[in-house]
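Going down the list, the sequences are from chains A and B. The first sequence begins at 1 in our numbering and counts up by one. The second sequence begins at 1 in our numbering and counts up by one.
Careful: at least some of the hints might be erroneous.
Only pairs whose alpha carbons sit at most 27 Å apart, straight line, appear in this in silico BS3-like list of lysine-lysine [what the hints assert, rightly or not]:
hint	chain 1	residue 1	chain 2	residue 2
1	B	Lys-185	A	Lys-314
2	A	Lys-322	B	Lys-185
3	A	Lys-127	B	Lys-113
4	A	Lys-127	B	Lys-48
5	A	Lys-322	B	Lys-48
Keep in mind that the hints were calculated from the coordinates and are not lab data. Just so you know, these numbers come straight off a predicted model, no measurement behind them.
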Amino acid sequence: MELICPAGTPAAFREAVDAGADAVYCGFRDETNARNFPGLNFSRDELKTAIAYARRHKVMTFVAINTFMRAGQEKLWHDAVDDAVRLGADALILADFGLMAYTAERHPQQRLHVSVQASASNADAVKFLVETFGAKRVVLPRILTIPDVARLARQISCEIEVFVFGGLCVMAEGRCSLSSYATGKSPNMNGVCSPASHVRYREDGSELVSELGDYTINRFPAGEAAGYPTLCKGRFDIAEERGYAFEDPVSLDVMDHIDALRDAGVGALKIEGRQRGKAYVAEVVSVMRRAVAADATERPALLSRLRRLSEGQKTTSGAYEKRWR
Amino acid sequence: MPATPHLSLSLGPVLYLWDGPKWRDFYFRIADEAPVDHVTLGEAVCSKRLHFIEPHVAEVIERLEAAGKKVSLASLALVTLERESQLVRGLVRDSIHPIEANDLSALGLLAGKPHSIGPLINVYNGATARLLASRGATSICLPPELPMASVSEIVRDAPDVAFEIFGFGRVPLAISARCAHARSKGLVKDNCQFICGDDSDGLIVETLDRQPFLVLNGVQTMSHTCQSLLQELADLTAAGISRIRLSPQDCDMVTVARIYESVAAGLMSAAEGLARLVAAYPGVPLSNGFHYGQTGASWIEAPAGARNGGERWQMR
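Could you build the full structure based on these sequences and the hints that come with them?
What follows is the structure, given as structure tokens:
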């Protein structure tokens, strides 16, 4: 199975290549990609250099242009596609139908991957994208169980890539406006979720309060580590119950299920984390590279090492296991 | 000569779980009394709920059509199970009524047939609207988070489609494979006991500072606020929007529809309409921030001049 690795910076990109990635994915430094965070992402020149480096090591480069084109400013997205093609991207990861149509028409030879943000969660949806835009691969939303993935794989003609490690969206990706409801900025339109520009921490007595926009997302008693106020991983009150209403502050880890995913027909495993530093990327990629190749007896030791990298966070298999629902 | 702009009202599907008789009686009253031209109905949120309304769908459609309403059927918003795929295929194959596509599977299956696009399909630009139109979409309800600047561009860019705006109701903000509603009551989705039926207008999620924030509706998360674009009707019509969607809340929707009708016809000021809306749906703050590209939960006073545009256009 291919290992698809994140790079938010040229340095992380090189680390991912050196650590054994089959493909590295990245985006331009603007609103055209879903990790539009300050200090991240690539200029055209940086992408050109990165692609050349990857080529020398026989590694592929996927360029994520996976936000939705803002009406009237489509040129920003069109330029991103044209430039990524010109610079030699091995695949474009797209979510917007309008942009997929543009790409299929202008660059019919370009390999097109369906972003997780497109929310193609079933066989008919995938067939629509394959038939309409010639999509070669779909990145599945993190809402399917492994048996769901296996059933889907039997019914479609394109490759399947799934997220296995890193951040976890609780909501169906590409269909969530929680962030813009609280801050005016959304993943679909701006490539951000719960953006740092709208985050505040304040002390209230012995508690640290984290806020997103005008809303308290969590309160941490003294001694409890304060997490980032991602909206869907906040603590809320529902009637008399207080707790993590949607999901605990966990990250995704389904490496225990590599063999089941392979048997299900998954061809590529994706690591989330373009916002992560190069050291993290290097370590995660090299351990995962070995874990994928290892047999069932060697794997647990490697995976426990991987788990330490989740920074003390709890991990979950998410929707891949039915009981998560 | 451009035609005189018209605005019609459409009623979106009931997104909450109401029991069969309540659901049926709601639509009977809509048929008899509400000034809406289009009604889209059916279960869009959770396939587990379908059996509640199924026994009543035929009689509801009959009553609505007898009253002159145009009826469409909503497809499921989230399709992951084989059973759900079969439901969507069956709906597309068998329905004699137009389908509103709410996920990509319906979109694919409806190619070549006249259909409409629901607000949960990501239409953020004219290119996408034109592509969908070329495949048979005749109307598109734009995503609620779209700002007016985008709405105007898209409408201008895709002249062959009728555009609808989410003009009243709690905004569907997210959908998940996990049921937070069941979870909040110590249950899981697969054994949910249809607990979402206890909250006919959603279950309020408050911040730890007891500020109402969101509501749970089964696997869907909605705004606590009620989006209202009553002040903006004139601008929306001027921009080429032809329908306003009213999304059913557990309040007097006939009164809500009449308020929108009166304001749209220039017979009532937007200010008075808003005051009446607050009385009709008490305890739920209004929002319109998405329309202005601001925080969706916020309320923005419309600029003067946008409030009373009744003389420029008329109700059909």
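Against the structure, the hints:
As the CA atoms of Lys-185(B) and Lys-314(A) are separated by approximately 23 Å, the hinted pair is consistent with the 27 Å bound. At most 27 Å may separate the alpha-carbon atoms for a hinted pair to count; Lys-322(A) and Lys-185(B) meet this at roughly 18 Å. Distance restraint check for Lys-127(A) and Lys-113(B): the Cα-Cα separation of roughly 17 Å lies within the 27 Å cut-off, and the hinted pair is therefore satisfied. Taking the CA atoms of Lys-127(A) and Lys-48(B), the gap is about 25 Å. The hint holds against a cut of 27 Å.
Pair hint Lys-322(A) plus Lys-48(B) holds up; C-alpha atoms about 16 Å apart against a cutoff of 27 Å.
Checked against the numbered hints given earlier, the structure satisfies every one of them.
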